[in-house]
Amino acid sequence: MEQLSLVLVQLFGSVVDLNRPGHYLHWGFIQMSLANAIVIGLMVVVFFAAILIPFRRHGGKS
Amino acid sequence: MAIDTGTPAGSGAPAEASFGQPEDAHQLSAKLRNAAVEALPPGRLMPDRQPAYVASWIYVFGVITIAALSIVILTGCVLAVMGPTWWHVSTTGLFVNSLHLWSVEVFFFAMVVHLWGKFFMAAWRGRRRATWITGVVSFMVSVGAAFTGYLSQQNFDSQWISTQAKDGINSTGAGAIFNVTNFGQMLMWHIVLLPLVVVLVVGIHVLLVRRRGVVPPFADPPSSGGTAQATAAAGAATIGADGTGPVPTPSPSSNGGPA
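Same order as they appear, the protein sequences are chains R and X. Taking the numbering used here as reference, the numbering of the first sequence is continuous, increasing by one, and the terminal residue is 62. Taking the numbering used here as reference, the numbering of the second sequence is continuous, increasing by one, and the terminal residue is 259.
What the hints contain is simulated information worked out from the structure, not anything from laboratory work. A quick note: this is a predicted structure, and the numbers were derived from the prediction, not measured. Backbone N, C-alpha and C fix where the C-beta goes; we use that ideal spot for every residue, glycine too. Do not take every clue at face value.
[What the hints assert, rightly or not] A few chain R residues that don't get close to chain X, going by computed Cβ distances all over 12 Å:
1) Q10
2) G13
3) V16
[Stated by the list, open to error] Residues from chain R that face chain X, not an exhaustive set, calculated with beta carbons under 7 Å:
4) V46
5) F47
6) A50
7) L52
8) F55
With the hints as constraints, model all of the structure from the sequences given.
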C-alpha cells in the first residue's frame with residue numbers, strides 16, 4: 001500500500017511539479033494563476049455539458 | 001400527501017382547526033404554526049412530483065452544492081473537536097483536513113455552475129427575486145467563509161494570505177473591526193458567524209424554491225406557433241420524485257405552487 005502511494009505521488013509529481021513557484025498568466029493588469037485558470041475553464045466546460053447533455057429519465061426518455 | 005392542511009369543507013374554519021383547539025388560535029404558537037403551514041403546506045414543502053422542466057443538470061449542481069456544504073460542515077466539526085496539531089501532524093487529521101478543503105472546492109464549483117445556469121434562465125422571474133437574491137448572498141458569504149478558512153490554517157500559507165489581504169481590507173475601512181492578522185478573530189468568524197449565516201441563507205433559499213417553485217422556461221414568441229404550444233405542454237407536465245413521467249399536472253400545490 002505504501003509503495004503504491006509512492007508510485008502515485010511520483011506519477012502525479014512528474015505531471016504537476018508543485019515543488020516550485022506556480023505559473024501565472026498575465027493579460028495587462030490582470031494576473032491569474034494557471035491553476036485558477038484551469039479550474040475556471042473546467043467550470044465553463046461542465047456548464048456547457050450540463051446544458052447540452054440530455055437529462056435522462058427512467059424509461060430512456062430525455 | 002396524507003396530511004390535509006386545507007380548510008375543512010363547508011366549515012369556513014381556518015387551517016388551525018386541523019392542528020389545535022379553536023380557543024387557542026390567539027396564542028403566538030398557533031399563529032406562527034398557521035403562518036408556517038399557510039406559507040409552506042407539507043405537500044409543497046416535500047412534493048412528490050415536479051414540473052417536467054426541473055429535469056435538468058443545472059438543478060443537480062444545486063443539490064451537489066448542498067451535499068458538499070454538508071460535508072464541509074461535518075468535517076469542520078471534526079477539525080474543531082480535534083484541533084490544529086491533529087490536522088497538521090496525524091495522517092487521519094491530514095485526511096480530514098483535505099476532505100474539508102476539497103469539499104469546499106466542490107461546493108464552489110457546483111455553486112458557480114448552478115448560478116450561471118440560473119442567471120441565463122433569468123430565474124428571478126415570477127416573484128422569485130428573493131430566491132435569486134438569497135442565492136447570490138449565500139455565494140458572497142461563502143467567499144468570506146472560505147477566506148477566513150484560509151486564514152485559520154495556522155501555517156505559512158495563512159500568514160502569507162493575511163499579510164497580503166490586510167492592506168486591501170484596511171483600505172475599505174473595515175480593518176478596525178475585521179483584522180485579518182488576528183487569528184482568534186478570524187477563527188471565530190470562520191467556525192461560528194459565517195457558517196451560521198451560510199446555513200441560514202441556504203436554508204431560506206431552499207424554502208423559497210419550495211414556496212415559489214422552479215422558474216418555468218421562457219415562452220416562445222407567438223410567431224413560432226406550434227413550438228409555443230409544445231413549451232406550454234412541457235411546463236404543464238410533471239415528473240415523479242423517482243424521475244418517472246412526464247404525467248399531467250395534478251395540482252398547483254404539488255408542482256411548486258403558483259409563481
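Hints, one by one, checked against the model:
1. Q10: 19 Å, holds
2. G13: 17 Å, holds
3. V16: 16 Å, holds
4. V46: The hint holds - R:V46 has a Cβ within 7 Å of chain X, the shortest such distance being about 6 Å.
5. F47: Holds - the Cβ of R:F47 comes within 7 Å of chain X, reaching about 5 Å at its closest.
6. A50: It holds, given that the least Cβ distance between R:A50 and chain X is near 4 Å, below 7 Å.
7. L52: 9 Å, violated
8. F55: Hint on R:F55: holds, closest Cβ of chain X at ~5 Å, below 7 Å.
Violation of the numbered hints given earlier is confined to hint 7; every other hint is satisfied by the structure.
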